[in-house]
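If you're matching them up, the sequences are chains D and R in order.
Per the UniProt record's numbering: the first sequence = residues 1 to 266.
Per the UniProt record's numbering: the second sequence = residues 1 to 266.
Keep in mind that the hints were calculated from the coordinates and are not lab data.
Note that beta-carbon positions come from the ideal geometry of N, C-alpha and C, so glycine has one too.
Take these hints with a grain of salt, some might be off.
[What the hints assert, rightly or not] Just a sample of chain R residues kept apart from chain D, beta carbon distances all over 10 Å, derived: (1) 4; (2) 46; (3) 103; (4) 104; (5) 138; (6) 148; (7) 151; (8) 175; (9) 181; (10) 187; (11) 188; (12) 229; (13) 230; (14) 251; (15) 266.
[As the list claims (entries may be wrong)] A short, non-exhaustive set of chain R residues, derived as facing chain D with CB atoms under 8 Å: (16) 94; (17) 98; (18) 141; (19) 142; (20) 208; (21) 215; (22) 246.
[What the hints assert, rightly or not] Here are a few chain D residues that sit away from chain R, every Cβ distance over 12 Å (derived from the structure): (23) 30; (24) 46; (25) 219; (26) 258.
2 protein chains.
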Amino acid sequence: MSSRLSLNQATTTQWDMPTFVDGCVRAGITQVGLWRGPVADYGLERSAKLVRDAGLTVTSLCRGGFFASPDAIADNRRAIDEAAALGTSILILVSGGLPEGSSDIDGARQNVIDSIAELAPYAAAQGVQLSIEPLHPMFASDRCVVSTLDQALDMAFLFPANQVGVCVDTYHIWWDPGVYQAITRAADRISIFQVCDWITPLPEGVLLGRGMMGDGCIELRRLREAVDATGYTGPIEVEIFNQSIWDSPGDEVVNRVIRTFEDHVS
Amino acid sequence: MSSRLSLNQATTTQWDMPTFVDGCVRAGITQVGLWRGPVADYGLERSAKLVRDAGLTVTSLCRGGFFASPDAIADNRRAIDEAAALGTSILILVSGGLPEGSSDIDGARQNVIDSIAELAPYAAAQGVQLSIEPLHPMFASDRCVVSTLDQALDMAFLFPANQVGVCVDTYHIWWDPGVYQAITRAADRISIFQVCDWITPLPEGVLLGRGMMGDGCIELRRLREAVDATGYTGPIEVEIFNQSIWDSPGDEVVNRVIRTFEDHVS
């Protein structure tokens with residue numbers, strides 16, 4: 001198995017925290033991306049101990065952001081604390097969409113920058129880098145007003161590199177005519193690289209339509225090579241939101257992840 | 001009613017060709033965008049005569065493109081002939097997605113350019129400008145590899161202005177952080193301006209999820225003003241693919257179009 005493979009917990013939501021850790025250990029996976037929800041369900045300190053005792057490295061925590069919420073700053077401070085407690089240096093930020101009833105996308109984007117400015121020094125002081133994740137433009141209104149890698153970089157470059165980076169996820173950026181230039185431009189700002197594939201038709205709500213590597217049309221290996229060419233040598237997280245994958249036995253999913261990662265990414 | 005409003009036929013698919021023409025006349029609409037399918041169903045010459053006799057101006061024909069098809073060039077020549085026969089100078093091109101089983105998006109994009117190069121002189125000789133329409137990136141794999149206005153412009157600028165322009169549709173470009181710069185850059189290449197709104201959740205397949213003006217979050221008036229600022233004084237087509245609109249009585253839809261166009265676009 002590639003030593004760079006990290007399994008993001010969102011790929012196997014059929015597993016709770018201890019089952020996920022057991023499954024990773026059983027499959028020989030040594031790195032994991034975690035989500036705040038299942039971590040909170042099991043308990044923060046308990047989760048931290050569980051992954052530590054299992055010898056797993058936590059490659060990122062998902063997610064902070066959603067800056068249109070009234071309590072966003074306080075909630076993001078808690079997310080930073082949780083990342084530090086889990087022993088990861090990367091908190092992924094999904095910015096959130098437009099405030100309810102608003103059409104002011106410029107205002108929402110400025111609010112992302114302002115919120116990050118408020119949080120970034122606090123994060124860096126705890127050894128956590130905020131990682132801005134551009135989401136596919138189909139999520140621009142309701143989930144993430146940061147829609148391209150270039151836009152995420154424009155925001156990240158306003159801050160020191162130890163405070164703010166970007167999360168490069170093939171699913172969100174593959175379509176962009178400027179994606180390879182943007183990856184080159186990202187240089188040492190890439191905090192984390194995530195992979196999955198693009199498949200159609202998209203399901204209602206479009207959130208759970210991601211594909212296993214090789215099932216879709218993304219040039220995964222080409223994108224991985226472009227990310228590598230920036231000097232990034234870090235983990236590659238597999239993060240797939242897909243109802244039919246979630247309905248499958250977890251061990252089968254993990255075995256498919258390992259095999260298709262080898263075939264289409266490594 | 002705004003003298004710039006044009007009703008695109010795809011907004012009222014519950015109406016066949018003669019019912020559509022009658023409905024437009026009844027509502028006082030003087031301009032229409034047509035689609036090849038319903039035109040062919042009623043007959044090309046018959047459709048041309050029908051709209052001419054009703055005093056309607058045809059502001060565009062949808063659509064050529066889909067260049068991954070083996071017979072694309074021949075089919076697009078027919079589409080150009082049909083546009084000329086209907087008396088419109090604008091044929092909208094939706095480029096098509098990736099060839100079946102292909103991941104080569106660069107190749108598909110180059111094929112769009114090559115195909116347009118083959119068709120553009122033929123179109124211009126008939127007084128028809130090819131209008132490249134960027135579609136929302138959620139359609140990049142299966143419907144249109146041209147995903148941003150800037151990308152459409154990069155293609156259009158390879159050709160003389162009388163041969164190739166761009167179609168600016170609010171639904172496809174509203175999310176783009178560079179959209180206002182791109183509109184300014186488009187200058188006199190804007191062949192046609194189309195409006196509808198962005199609403200969520202998107203339905204399965206995402207094609208029929210467009211909203212009536214004012215029902216969503218697009219800054220329609222701001223975009224219209226930006227398009228106007230380029231010097232564009234042409235028609236503004238309302239084109240809404242939405243199953244619930246298609247399930248409503250056509251006259252009601254047209255009245256809503258007229259009212260919401262006034263409230264949110266004019």
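Would the non-interface assignment of residue 104/R survive a Cβ cutoff of 10 Å against chain D?
Contrary to the label, residue 104/R does not stay out of reach of chain D, its closest Cβ about 8 Å off (not over 10 Å).
Identify whether the interface hint at residue 246/R stands, where standing means a beta carbon of chain D within less than 8 Å of its own.
This hint is violated: residue 246/R lies away from chain D, its Cβ roughly 18 Å from the closest one there, beyond 8 Å.
Please check whether residue 98/R passes as an interface residue: C-beta within 8 Å of a C-beta belonging to chain D.
holds (5 Å)
Quick check for students: does the CB of residue 229/R sit more than 10 Å from each CB in chain D?
The assertion about residue 229/R holds, with a minimum of 17 Å to chain D.
Outside-interface status for residue 46/R - nearest CB in chain D farther than 10 Å:
holds (35 Å)
Evaluate the condition: distance from the CB of residue 151/R to the nearest CB of chain D exceeds 10 Å.
violated (5 Å)
For residue 266/R, is the shortest beta carbon distance to chain D beyond 10 Å?
It holds; residue 266/R is separated from chain D by about 17 Å at its closest Cβ, greater than 10 Å.
According to the definition I'm using, a residue is off the interface if its beta carbon is farther than 12 Å from all beta carbons of the partner; does residue 46/D meet that for chain R?
holds (35 Å)
Given hint residue 141/R near chain D, where the shortest CB pair must fall under 8 Å:
Residue 141/R check passes; min Cβ-Cβ to chain D is 5 Å, inside 8 Å.
Beyond 12 Å from every Cβ of chain R: is that where the Cβ of residue 258/D lies?
holds (21 Å)
Let me know if the C-beta of residue 94/R comes in closer than 8 Å to any C-beta of chain D, holds or violated.
Given a least distance of 15 Å, the restraint on residue 94/R is violated.
In terms of Cβ atoms, is chain D entirely out of 10 Å range of residue 175/R?
At about 4 Å from chain D, residue 175/R fails to clear the 10 Å cut-off, so the statement is violated.
In this structure, the hints that do not hold are numbers 3, 4, 5, 6, 7, 8, 16, 20, 21, 22 and 25, in rising order.
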